[in-house]
Structure formats: C-alpha cells, structure tokens
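Given chain G, work out where chain F should sit, using these hints.
One line per chain: the protein sequences are G and F, in this order. Numbered according to this note's numbering, the first sequence spans residues 9 to 168. Numbered according to this note's numbering, the second sequence spans residues 158 to 652.
Take the hints with a grain of salt, since some may be wrong.
To be verified - Under 10 Å between C-beta atoms, here's a sample of chain F residues computed to sit facing chain G:
| hint | residue |
| --- | --- |
| 1 | ILE168 |
| 2 | LYS308 |
| 3 | LEU360 |
| 4 | GLU364 |
| 5 | ALA533 |
| 6 | MET554 |
Said to hold, decoys possible - Only pairs whose alpha carbons sit at most 30 Å apart, straight line, appear in this in silico BS3-like list of lysine-lysine:
| hint | chain 1 | residue 1 | chain 2 | residue 2 |
| --- | --- | --- | --- | --- |
| 7 | F | LYS574 | G | LYS92 |
| 8 | F | LYS243 | G | LYS92 |
| 9 | G | LYS92 | G | LYS157 |
| 10 | F | LYS592 | F | LYS431 |
| 11 | F | LYS438 | G | LYS70 |
| 12 | F | LYS438 | G | LYS92 |
| 13 | F | LYS243 | F | LYS572 |
| 14 | G | LYS70 | F | LYS433 |
| 15 | F | LYS243 | G | LYS70 |
| 16 | F | LYS572 | F | LYS433 |
| 17 | F | LYS572 | G | LYS70 |
Hints in this document: simulated from the structure, not taken from any laboratory. This structure is a prediction, so every number in the text was calculated from the model and none was measured. Just so you know, even glycine gets a beta-carbon here, dropped at the ideal spot from N, CA and C.
Here is how the chains run, residue by residue.
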Amino acid sequence: MRQYQVATAAAFMFVAAVAMIDSRAGAMVDTTGTQPGGIGAGFYPFWSAFVVFACAAVVAYKSWNGPEGAPAYEGREGIYAVLKLVIPMILAVVAIRWLGFYIVSGLYMGLFARWIGRYSWLWVLLLTVGMPAAIYSAFELGFRVSLPKSFLYDLGVLPF
Amino acid sequence: MLFVGVLLGLIVGVLPGLGGTSAVAILLPITVIIARTSPTSAVILLAGVYWGALFGGVVTSILFNIPGEPWSVVLLFDGFPLAKRKNKPGVALASSFFASFVGAFLATVLFTFFARALADFALSFGPPELFAVFVMSFATLIGLGAESPVKAVMMISFGLLLAAIGFDTITGQPRLTFGQIGILSGIGFVPVTIGLFGIGEILASAEESGIGFVERLSAKVGFADLLETLRELRKRIWLVVSTGIIGFWFGILPGHGATAGSFLGYGLARQWSKNKAEFGKGEISGIMAPQAAADAAAVGSLVPMIALGVPGSPTSAVIMAGLFIWGLTPGPLLFTEHHDFVWGLIASIYLGHLLTFVICLLAVPLLASIMRIPYAILTPFIVLISVIGAYSLNNSMLDVFITIVFGLVGYWLRKMKYPLAPLVVAIVLGDSTEKTLRQSLIASGGNPMILVQWPIATILMILAVVLLAIPLIRTVRSRGRAASVEAETVGTAID
Chain G
9 MRQYQVATAA AFMFVAAVAM IDSRAGAMVD TTGTQPGGIG AGFYPFWSAF
59 VVFACAAVVA YKSWNGPEGA PAYEGREGIY AVLKLVIPMI LAVVAIRWLG
109 FYIVSGLYMG LFARWIGRYS WLWVLLLTVG MPAAIYSAFE LGFRVSLPKS
159 FLYDLGVLPF
Chain F
158 MLFVGVLLGL IVGVLPGLGG TSAVAILLPI TVIIARTSPT SAVILLAGVY
208 WGALFGGVVT SILFNIPGEP WSVVLLFDGF PLAKRKNKPG VALASSFFAS
258 FVGAFLATVL FTFFARALAD FALSFGPPEL FAVFVMSFAT LIGLGAESPV
308 KAVMMISFGL LLAAIGFDTI TGQPRLTFGQ IGILSGIGFV PVTIGLFGIG
358 EILASAEESG IGFVERLSAK VGFADLLETL RELRKRIWLV VSTGIIGFWF
408 GILPGHGATA GSFLGYGLAR QWSKNKAEFG KGEISGIMAP QAAADAAAVG
458 SLVPMIALGV PGSPTSAVIM AGLFIWGLTP GPLLFTEHHD FVWGLIASIY
508 LGHLLTFVIC LLAVPLLASI MRIPYAILTP FIVLISVIGA YSLNNSMLDV
558 FITIVFGLVG YWLRKMKYPL APLVVAIVLG DSTEKTLRQS LIASGGNPMI
608 LVQWPIATIL MILAVVLLAI PLIRTVRSRG RAASVEAETV GTAID
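The following block holds chain G by itself, in its conformation from the complex (with noise of 0.2 Å):
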C-alpha cells in the first residue's frame, strides 16, 4: 500500500506543481493598482495549488517513513472485477460517438445481461430493446431533451 500511497500524492504534487506554473503570472498581491482588489486572475488557482503541493508532500513524506499496511489488492479477482467494468464502460462511451446513446445502451445492456447476470436470450433481447425505448420516449419525446444520435440518424435510417 505505501509505494500506492507516495505515487498517489506524487500525482498529486505534478498536477499542483503544472498548476502553479501556469497561474504563476497573478500569484502575488498586486500593489500597483492594476488589477482590481489587489489581486490577478491567477492568485486564487496559484495558492490552491500550493496547499495541494505542500498537503501532497506530508502526506508522501509520511507515507513513505510510515508502515507497509495492508495489500492495495488481496489477489488479482479484485483488479479483474473492476476491469470487468472499467473496459466496457469506456469502449460504450467513445462508442457514443458513432452508434449514438440508444444504440450504446441497448448493446451496453444487453451484453450485461448476457454476460453477467446469464439471462436467456429473449430477456437480453427485451432489455436490448425496451431500456433505449423507454429513455427515448422518456427523453426525446416527452421532454425534448435531445441525445447523441447514431450515424443511422444521419443517413435518415433511424430516429435515434
């Protein structure tokens, strides 16, 4: 757990550390009058980023002089399951771009039903098509709310 620890607040420390050199320009308190208050654009995200550095750097410090603790991970069935998640949910959601929300959540759903849950084939089937059939009527019927469509949509094939 503590190499997890220390690489954590170590990410943490570059995103600060990025932050600071990019808001540097507003960081002190202007006295010359030009800009309003006293203080720039950059004074609030610069200092912010300076308590997330020095926060940051406690806690590596006293992760790394610290115990061991217990495993990040106790055997691999843990990583698995969150991967087991993790990979479809992604490729669903760069999939979006293409097929559209209906098609994505009718494929998305039904290959969770099939895969993890083991339904037969005619409740995949129902899933597949009912749950984008009821967010659509919900969403794009009754309150005009509009979600990306599939490339079928622009061909004039389908209307989702």
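Showing chain F alone in chain G's frame:
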C-alpha cells in the same frame, strides 16, 4: 393544477439531468396561456413543479449515489450508505422526505409572517458576509476528514483548484484551460460528482464484493420503515427544526445559499452529534439535518424574489421571469396590489409540500424496491443514467468523459483513504467563495480587513474559526491520548 405540477416535478426530479429549474423553464410558455385567466393558477403550477422536483431529486442521490441538484449532493454522504451498506433504503428515503416536509413547513410559516422584514435584512449581507458564510461551511466540514486532516485540507484545496478552471469571472482571463475551448466555461460540479460518487461507488463495490454479487437486501421494505423513521425523527426533532431555520435564512441569501445551507446543516449535525464516527456511514442525522436545511432554503429563496424582486436561486429566477411575462412586478407592491396572488403562492407552498410528501411516502416501498433489481441490470442502468445526467447538462460529450475520468479518480482516492466529501463541497462552493472574496477586496481597495470589519462578518468569521478549531483540537487530543496509552502499554511490557 397543483397536483399536475407536483407529479411533473417528481418525475423530472427523479430523471437524471433534469432539475426543477429546467422543468419550470420548459413549462413557462404553457403558463402564459393559463395566466390569461388566472396568474395564481400559473404560479401554483410552477411552484408545484419546484416542490415536486425538490423531493424527486433526492431519490437518485439516495438510491444510486447520483446527485440531481447541488443541495442534494450532501445526501450522498450518508443517504446512499444507509440505503445500501446498512440495507435500509426505505428508512433512508423516508428520513429525507420527513425532514424535507418539516423543514419546508417551518420555512413556509416563517415566510408567511416575516417575508418582508427578513428580505430587507438579507439585503444587508454583502460579499464579506457571504464570504464568511462560505468559510463557515468549509470549517464545519474539515472534520469530515478526521482520520487525516492533511488529506481533508488537500481535498478542499484540490476542489477549489478544480472550481477555478475556466474563465475568471472578474477579469475574464482563461485559467488552467491549456488552450482547450471545451473547458473555458469551467468544469461543472455535476459530472465530477456523478463520477466521484456514482461511478466510483460502482467500481469500489465490484472490487469489494465481486462483479455480479447479489445484494442482500432486507425482505421487509415497507411501511414499517416509515414508523421507524418517525421514531428517529422524534429523537432528532430539534436538530431538524434548527437546521431548517438555518436553511431558511441561508435560502434568503443570494447565490448559493441553499447549497451552503445544506452543507452547513450537515456539518452542524455532525458537530452536535454524539455518534460522530457514524457520519459518512449511514447516520440518519446526516440525512435529516441537511435535507431540512435544503428544503427550507428552497422556500427561503422565494422570499427575496417575491418581497424585493431579487431571486435567491436559479429556479426562483425563472419563476420571477414568469411573473414579468404574466404582467406582474415582483416587489413590495405585489403584497398590496396582488395580495390574492401572493396568498395563492403561499397556500401552494403549504399544500404542494403536503401533497408531495404524501405521494412520496406512499411511493417509498416501490422506490426502495429499486435496490432489489439484479446487479446485471442495475449496474449498467446506473452507468447509463450517469451518462445522461452528465451529457444533458451542456449537451457535451466532454462532460461524459469528465464523469468517467472522475469515476476512476474517485475509486482510487477512496481506495487510498482520501475523503471525497470535502472535495465535492469545495467544487460546488469554490466559485462563489472566490467571487465573494474578490468582490470584498475590490470594494475595500485590496484591504483584507474588510472581511472582519463589519459586525455580522466578524461574528461569522469567529464562528468559522471556532468550528475549524474544534475538530483539529479533538484530533490532536485523541492522538495524544492514543500515544500515551501506547507508551503505557510499552512500559508495562518492558516491566
């Protein structure tokens, strides 16, 4: 009219990405037709939607860990843990509905008798006072990271940093955008919060219990939960009443009053509680106190709108637009020239809340049974509504990507024992905090003494310092005690 409004509001509140503000805005053109015969009916319809959405918005927070409105963010801290980890979705929902009703009823009584006087007093709150209010909200929440105050401070600062991304509201300069046009308007708290809590929780659960695990929900999800909640409410009635009064007052204040009120309600409930360790794990006070404050604040936000023509929240701003469209001018004259309209609105607040409360209570067993939906359906469904919630905010896929990224970040930070609540509070209130600080400094020509120059601001700042000091002293003392116990143990072992 009220029933239609309440029902529409409830549906809109439960659906992700749609809140009371958008629902009221969608219905505004319809109310023009209604207002031709009776403006009172038009405002009753809009008010019904507003109250319905307030109640409906908590459902997704408690059942799916996905917030609907800024002030329902705080329900993620204890509402979802009580519903899921403690296996009491019925109690979690009913606690929120009961507290909403008590808070709103109390606020409506205050509205009825003191609207003008309170609105006038609220106008004396300038940027220094509002800044002190925000500092106080942060101070009460430092204790949320009691296990590691350094990590809590770090999360607050990180939240403030994220809130600073985009155009600077004072000078118009882009900050931390690195040339990306998509984030010029900043990173919204909705996609970040949905990611941190909604997606992050799904990933954490999968790791803890394995994918496809079967929820062991209690078989008795029903009206017994309502009785249990009523007993719990009786124990906490003074907490609910006092946070309701605080919430009402915060609602009258312009800007983020309601959100600050809900966070402060939560922080105070924690400070006053004997079971501090239970907060964040499904403590009922952690649901009732902020919910009473948030609903009272929603009622309070109508006070300056009606009495002075200054809207206290985005939704009340849209309702005020409706008033202008219907040919009414909000302000002191409204009370004398259109008293039937004002009393119609006040009556709608009483009846609207009662109606929403009854509908919601009847729906508790049905809503709670959502948690019994099998994992293989519920999990992808939560991911899909998270995507809808993030996308429909600005019709932007960038917000969806932000949700996914923060989902992974939230999962990892939870694993590394970083407190997420202070981070979310800072993201939600960061922008307003910075704005009020800088407005104060501009008004004083850069002199920071303005923050403690006026009596109200000074009192609030002192309160903030006291609230900040209490958990820090408590942490230091408990550590000192633990160290002395350890030393004694070592000493005995050596002897």
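These are the hints, each one checked on the structure:
no., hint, result
1, ILE168, "holds, 8 Å"
2, LYS308, "holds, 6 Å"
3, LEU360, "holds, 5 Å"
4, GLU364, "holds, 4 Å"
5, ALA533, "holds, 3 Å"
6, MET554, "holds, 7 Å"
7, LYS574/F / LYS92/G, "holds, 23 Å"
8, LYS243/F / LYS92/G, "holds, 26 Å"
9, LYS92/G / LYS157/G, "holds, 26 Å"
10, LYS592/F / LYS431/F, "violated, 36 Å"
11, LYS438/F / LYS70/G, "holds, 26 Å"
12, LYS438/F / LYS92/G, "holds, 27 Å"
13, LYS243/F / LYS572/F, "holds, 20 Å"
14, LYS70/G / LYS433/F, "holds, 26 Å"
15, LYS243/F / LYS70/G, "violated, 33 Å"
16, LYS572/F / LYS433/F, "holds, 22 Å"
17, LYS572/F / LYS70/G, "holds, 17 Å"
Figure legend: structure checked against the earlier numbered hints; hints not met, in rising order: 10, 15.
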